[in-house]
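Visitor: Take each chain as given, in its own frame, and dock them per the hints.
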Amino acid sequence: MSSEINGQVSPQPCPHLLDFRSRNGFKPFRAFQDLIRVKRPGGLPAIRREISEVPRCCTCEESSRSRLYACVACAAVFCYAPPLHSHASAHALSNPGHEIAIDVDRAELFCCTCRDQVYDRDFDAAVVFAQTVTITATTSTSGCTVMQCNIAGFQPENLRKRRRVDNRPCSPDSREHVIIGNHLFSLHDATNASLISSTEIPWGLRGLNNLGNTCFMNSVLQALLHTPPLRSYFLRDRHHRYYCQQKNGAINGTKSSRLCLACDMEAMFSAVFSGDRTPYSPAKFLYSWWQHSANLASYEQQDAHEFFISMLDGIHEKVAKEKRKSQSPGSGDCCSAHRVFSGILRSDVMCIVCGFTSTTYDPCVDISLDLEPNQGVSGKSSSAKSHNSCNVEADCMGSNQNSGISTLKGCLERFTRAEKLGSDQKFFCQKCEVRQESLKQMSIRKLPLVSCFHIKRFEHSSIQKMSRKVDRYLQFPFSLDMAPYLSSSILRSRFGNRILPFDGDEQDASNELSSEFELFAIVTHTGRLDAGHYVTYLRLSNQWYKCDDAWITRVNESIVLAAQGYMMFYVQKVLSYKASEKQAAS
Amino acid sequence: MKHSVNRPPTPDGVVDQGKEPTLQEIINIKLIESGEKERLMELLRERLIECGWKDEMKALCRAYIKKKGRNNVTVDDLVHLITPKGRASIPDSIKAELLQRIRSFLVSTAL
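As given, the protein sequences belong to chains A and B, one line each in that order. Residue 1 is where the first sequence starts when you use full-length UniProt numbering, and the numbers rise one by one after that. Residue 1 is where the second sequence starts when you use full-length UniProt numbering, and the numbers rise one by one after that.
Some clues are possibly wrong.
What the hints assert, rightly or not - Here are the simulated lysine-lysine pairs, BS3-like style, with alpha carbons at most 27 Å apart:
1) A/Lys409 x A/Lys440
2) A/Lys409 x B/Lys58
3) A/Lys469 x A/Lys546
4) B/Lys37 x A/Lys420
5) A/Lys431 x A/Lys409
6) B/Lys68 x A/Lys409
7) A/Lys409 x B/Lys66
8) A/Lys420 x B/Lys58
9) A/Lys573 x A/Lys409
10) B/Lys54 x B/Lys67
11) A/Lys39 x A/Lys431
12) B/Lys58 x B/Lys68
13) A/Lys546 x A/Lys284
14) A/Lys431 x A/Lys420
15) B/Lys68 x A/Lys39
16) A/Lys573 x B/Lys66
17) A/Lys39 x B/Lys37
18) A/Lys420 x B/Lys54
19) B/Lys85 x B/Lys37
20) A/Lys409 x A/Lys420
21) A/Lys409 x B/Lys67
22) B/Lys58 x B/Lys85
23) A/Lys456 x A/Lys39
24) B/Lys37 x A/Lys440
25) B/Lys58 x A/Lys39
26) A/Lys409 x B/Lys85
27) B/Lys30 x B/Lys95
28) B/Lys67 x A/Lys440
29) A/Lys440 x B/Lys54
30) A/Lys456 x B/Lys58
31) B/Lys54 x B/Lys68
32) B/Lys85 x B/Lys95
33) B/Lys37 x A/Lys426
Stated by the list, open to error - To give an idea of the chain B side of the interface with chain A (calculated C-beta under 8 Å), a few residues:
34) Gln24
35) Glu25
36) Glu36
37) Glu38
38) Glu46
39) Asp55
40) Thr74
The hints are simulated quantities; they were obtained by calculation from the structure and are not laboratory data. Just so you know, even glycine gets a beta-carbon here, dropped at the ideal spot from N, CA and C.
Only chain B is shown next, with the shape it has when bound in the complex (with noise of 0.2 Å):
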């Protein structure tokens, strides 16, 4: 691994010597640095609507709000409410497409 190129920018005012990225920041920043992240950020933003996941989500935080009042739920709790069921109901066949379009990534940016 040579560090010099893989080293993430250092935060200002502060030198961390010590600090390794871990495998998943690498990624994460190749992702983002070549635009791969963005595309599949849309591609997994259409999958979603298509199959009416995102309307099940919006249909689950609708009727927490009615059953709450508008005025006593926060973003936070939305965000407690769905995260487990919105993880586990997205489709396999989106699940799959997608894990193939990193691999292929992976593959192509030779880590």
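This is chain A alone, in the form it adopts within the complex (with noise of 0.2 Å):
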């Protein structure tokens, strides 16, 4: 009953629908395309007569009813409040050819036969174009590209070179066959010292040894070593410490210039992937990171994911000072850390006064999340549950648990909706040329290959003079579709998830690699703000492995399920790698 176009579903016209259509030809909806009114900029579109126009019902004279449909064929309006009240299924009884209606007060197509929505490329065009017309009133647009060009937000922008990840399958020659043959070891050999007791041992599980409340350092380097394209990146030999230190050596041999996160990371994959089994210690890698942020050097206890940036920012350094060639943000050409990390978030704020909305890119390497407030929706789960109607509410209540569980999708729903910027903190708003209050809506432009969410757990309080954090637990899916959340979906439904005319946009482009991702591990925080424990569970062949400082176990999922996240790494599913898919058949 649907159609793919562009990749975005739109459901089938009903018979009446498709019928009226043959028989009014060209611009069907025409006749109210005059009569859409948008009260104030953004707002949900009205057809009226007159804007002030209070619709009624023609057979009844009621105007409070909460639907009112008018005809499109004679734009007589009626109510529609099954079953008492249906004088627009009565219209279309006694009037063939009279089916379709519109929502007086949504501007949504309906057919009163059919009694359900259906859906209109020209009509939602028309809405669209109604809309939008309030909101770049003043530029002056050419008649045919205005949809294309000029609606709030899409602006066309310079087809960017797309970065393709292609896999391609690895066919080594005789010679390479014979070093491959020399260099791989069973894994049945491996020694002690990790308490994995069956014989499948997954490549790369190593410990790593605690120098000093670095469990904040061990827990992100386990994840980062189990990243898919940053492993394959090193062991590829992308980036070896050998050539790297010839190159700077050849420079200038300063100290600085031998400092290279990258060479220390490399090194660390090379010890961690070995098969050697015993805990490593990463005091190298620690005592470069120290260097960079010296700030952060000590035997404190440091947060994680300020770690993880620092650390990205650092390998980002060494390499951007020596390839010194301008690149686009969030292009994820200048290193490695920003290739597997980097995304593009836009933000868009709209004036309320006048709808001019201004729209801003800044690259990202990860996304914050607040958890929700605590007071969220109370007293309403008593209520609720004393309405069970039918049986299917049973199910619906029971997968909304008591309404106050947190999860990521709630946070990344809350990350990406429209929020009234306060009085206190007015935006600049170019076309009026005051200062208006506000409305900003973030989105995703450009998905990472990598996903890293960080939850705000630690709330620091300057005006309070304390710090604390947030035990509150979230739930968290294994596959995450990040589809909703992009800026094509976000602007899309701003219109009311009208079927959009710009087919092929450009910006649909850059994500055609798949939105599904796929959790491979996840760092948690047990314990208060200043003495606390990061862990991290990794998934590999399709287990899961708590990786607490030297000790690696295998877990089961419900373990990690339960377990209080605070940093979660999603790789794109077409990214991770088959192996991984393998235990899952037996």
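Guide: Structure (structure tokens):
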């Protein structure tokens, strides 16, 4: 019943709509285009003959019904509130050809005979046009291109080089076969020091010694060591310390030039994937990182997220200094760290007075999410439970539990929700030329290869001069579809989920890689803000392993699901290695 | 009550002399004409989104659609599903706020 146009599903019209269209030819809804009123910028479109008309049903003269429909054939308004008052259906029944109507308060098409909403591209285009005309009122536009180019936010951009990720199959020649054969060794010979009893020990699993409150570093390193794109980058010798040091030695032999976090990272990858199972001490890496982030160099416990950011920054700085060419921010061409983690966030700020929207793009290496505030939806669960009028509802409430559990999806939905900025945060509107109250909405313009979600559990209040940790449990999925949080989806829903007329939108092209992600690592925190411990859970070969500094144990997925997530790492499904699904079959 | 001022516009072709507008009707028209209804709707929308009510209703609809199958659900089904539940689960604070706003509006228009 639905067809796909450029990846977006659009519902098939019902027979009555098809009939109406065939009888009314070109621009069947033209008569209604002028009646679409948008009371304020960003507001919902309505159908009115005059702006302040009070629509009422022709038959019963009621104006306070919740659903009133205007027949597209004769423009008469009827109410629709089955089973008692449904004069719209009566009208459709007695007048063939008058089945299609428009909801006067929502500007949505409805078939009174099928008793369901129907969708039409031309109609939606007209509504979107009416909505945007109020926003871009002063800009002069040429008639035909206005929908393509000037819809708020859809400015065409220069075609950027699309970053393709091609996993080419490896086909070694005979010489390479020999080399591979000589260097492969069986995992079954692996020595002791791990608490895994089974013989099927995944490649690259190795404990990290705690060098003095360094669990914050160990936890993040474990996650990075098993980040698929990063792993292949370093194991394929894309950055090798030998060549890097040679190059640095040639340029200038100063100590600072020899400092390279990427080299230390590469050394660690080699050590961890060597097959040796004794716990590894990342002392060299710690030392290098201390030199880079001198302000964090101490034996005190640090914040794992802060370490993550500073580490990526360190890798980037060193590489960017060498490359010295200007890269477009967010493209990820600058260094290995950004190639893997860098995405682009889009921020739309709309003036609520005139509708002028200012759009900015910012690269990001992770997304920091707020947990919802504690008051939430109080007092609702008790009243809702008493209304179990149909069996379905029991299931529905079950899926939402006490409506008090925070979920990662809920956090993402809140992150991309339109937020009204307070009157103390007035935004300077270029059109009004004065500070106005505004509406801000975030969305993801480009997804990174690996998404890191950081949950803001540590609150520091400078006003109250105290810091506290939020222990609230957060539910997270193993598979996550990021499609609803993309800019294209957010913008589409801003217009009320209309079928939008821009096909082959360039923005979608950069997200042609699937928006489906898989969880592969999660950094958890237990304890208090000043005395706590970080532990990482890794997913390898469809098994979960707990990495607690030097101790690695296989755990059940229920333990992982119950853990208190602080940083969650999701990789694009197409990049998660097939080997990790091997065990799923057994 | 001044009939000539409060009488709603007669629909096309129908002259109805017997019908008196109800109080509810009069209030509704006053709310719309002054623009207060629009403001109240906006406020309500904002509050219901903030407290998570909209997300809850969305989740209910999604679960229902998942169960019945996307092609077997109509808008009417969804309306029947969430209307009782939705009405019952509106937080009291929101109800109180809106009632207060309506009350002050009625006082100010000196009905």
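Visitor: Please go over all the hints and tell whether each is borne out by the structure.
Guide: These are the hints, each one checked on the structure:
1. A distance of roughly 19 Å separates the Cα atoms of A/Lys409 and A/Lys440; the hinted pair therefore holds under the 27 Å criterion.
2. Taking the CA atoms of A/Lys409 and B/Lys58, the gap is near 13 Å; set against the 27 Å cutoff, the hint holds.
3. This hinted pair checks out: A/Lys469 and A/Lys546 have alpha carbons roughly 23 Å apart, not beyond 27 Å.
4. The straight-line distance between the Cα atoms of B/Lys37 and A/Lys420 is roughly 20 Å, inside the 27 Å bound, and the hint therefore holds.
5. Taking the CA atoms of A/Lys431 and A/Lys409, the gap is near 35 Å; set against the 27 Å cutoff, the hint is violated.
6. Note on B/Lys68 and A/Lys409: the hinted pairing holds, with a Cα-Cα distance of about 23 Å set against a maximum of 27 Å.
7. Only pairs whose Cα atoms come within 27 Å are accepted, and A/Lys409 paired with B/Lys66 is accepted, the gap being roughly 18 Å.
8. Our distance criterion of 27 Å between C-alpha atoms is met by A/Lys420 and B/Lys58, whose separation comes to about 21 Å.
9. Restraint check: the Cα-Cα separation between A/Lys573 and A/Lys409 comes to about 17 Å, which is no more than 27 Å; the hinted pair holds.
10. Our distance criterion of 27 Å between C-alpha atoms is met by B/Lys54 and B/Lys67, whose separation comes to about 20 Å.
11. Straight-line distance between C-alpha atoms of A/Lys39 and A/Lys431 comes to about 19 Å, which keeps the hinted pair within the 27 Å bound.
12. Between B/Lys58 and B/Lys68 the CA atoms are separated by roughly 15 Å; this keeps the pair inside 27 Å, and the hint holds.
13. Distance hint between A/Lys546 and A/Lys284 is fulfilled; the C-alpha atoms sit about 24 Å from each other, no more than 27 Å.
14. Simply put, A/Lys431 and A/Lys420 have alpha-carbon atoms about 19 Å apart, close enough for the 27 Å limit, and the pair holds.
15. A hinted pair counts as satisfied when its Cα atoms are at most 27 Å apart, and B/Lys68 with A/Lys39 does not qualify at roughly 37 Å.
16. As the CA atoms of A/Lys573 and B/Lys66 are separated by approximately 23 Å, the hinted pair is consistent with the 27 Å bound.
17. A C-alpha spacing of about 12 Å is found between A/Lys39 and B/Lys37, which places the hinted pair at or below 27 Å, so the restraint holds.
18. Between A/Lys420 and B/Lys54, the direct Cα distance comes to roughly 17 Å. Compliance with the 27 Å bound is thereby established for this hinted pair.
19. The suggested pairing of B/Lys85 with B/Lys37 holds, with an alpha-carbon distance near 24 Å, which does not exceed 27 Å.
20. Among the hinted pairs, A/Lys409 with A/Lys420 is consistent with the structure: their alpha-carbon atoms are about 21 Å apart, no more than 27 Å.
21. The suggested pairing of A/Lys409 with B/Lys67 holds, with an alpha-carbon distance near 20 Å, which does not exceed 27 Å.
22. Taking the CA atoms of B/Lys58 and B/Lys85, the gap is about 12 Å. The hint holds against a cut of 27 Å.
23. Straight-line distance between C-alpha atoms of A/Lys456 and A/Lys39 comes to about 38 Å, which puts the hinted pair past the 27 Å bound.
24. For the hint linking B/Lys37 to A/Lys440, the alpha-carbon distance of about 24 Å falls within 27 Å, and the restraint holds.
25. For the proposed pair B/Lys58 and A/Lys39, the alpha carbon gap of about 26 Å is at most 27 Å, so the pair holds.
26. Of the supplied pair hints, the one linking A/Lys409 and B/Lys85 holds, its CA atoms being roughly 23 Å apart against a limit of 27 Å.
27. Taken as a hint, the B/Lys30 and B/Lys95 pair is honoured in the structure, with Cα atoms around 21 Å apart against an allowance of 27 Å.
28. Our distance criterion of 27 Å between C-alpha atoms is broken by B/Lys67 and A/Lys440, whose separation comes to about 35 Å.
29. Under the criterion of a C-alpha separation no larger than 27 Å, the hint pairing A/Lys440 with B/Lys54 is consistent with the structure, at around 19 Å.
30. Distance check on the hinted pair: A/Lys456 and B/Lys58 sit about 26 Å apart at the alpha-carbon level, within 27 Å; holds.
31. Distance hint between B/Lys54 and B/Lys68 is fulfilled; the C-alpha atoms sit about 21 Å from each other, no more than 27 Å.
32. This hinted pair checks out: B/Lys85 and B/Lys95 have alpha carbons roughly 15 Å apart, not beyond 27 Å.
33. Restraint check for B/Lys37 and A/Lys426: satisfied, since their Cα atoms lie roughly 26 Å apart, inside the 27 Å limit.
34. For B/Gln24, the suggested interface contact is upheld, since its CB lies about 6 Å from the closest CB of chain A, less than 8 Å.
35. Against a cut-off of 8 Å between C-beta atoms, the interface hint on B/Glu25 holds, since the closest Cβ of chain A lies about 7 Å away.
36. Checking B/Glu36 against chain A: minimum C-beta separation of about 12 Å lies over 8 Å; hint violated.
37. With 8 Å as the threshold, the beta carbon of B/Glu38 comes within range of chain A, its nearest partner Cβ sitting at about 6 Å, so the hint holds.
38. At its closest, the beta carbon of B/Glu46 sits 7 Å from a beta carbon of chain A; the interface hint therefore holds under the 8 Å criterion.
39. Hint on B/Asp55 holds. Least Cβ distance to chain A is approximately 7 Å, under the 8 Å limit.
40. Checking B/Thr74 against chain A by beta carbon gives a least distance of about 4 Å; that is within 8 Å, so the hint holds.
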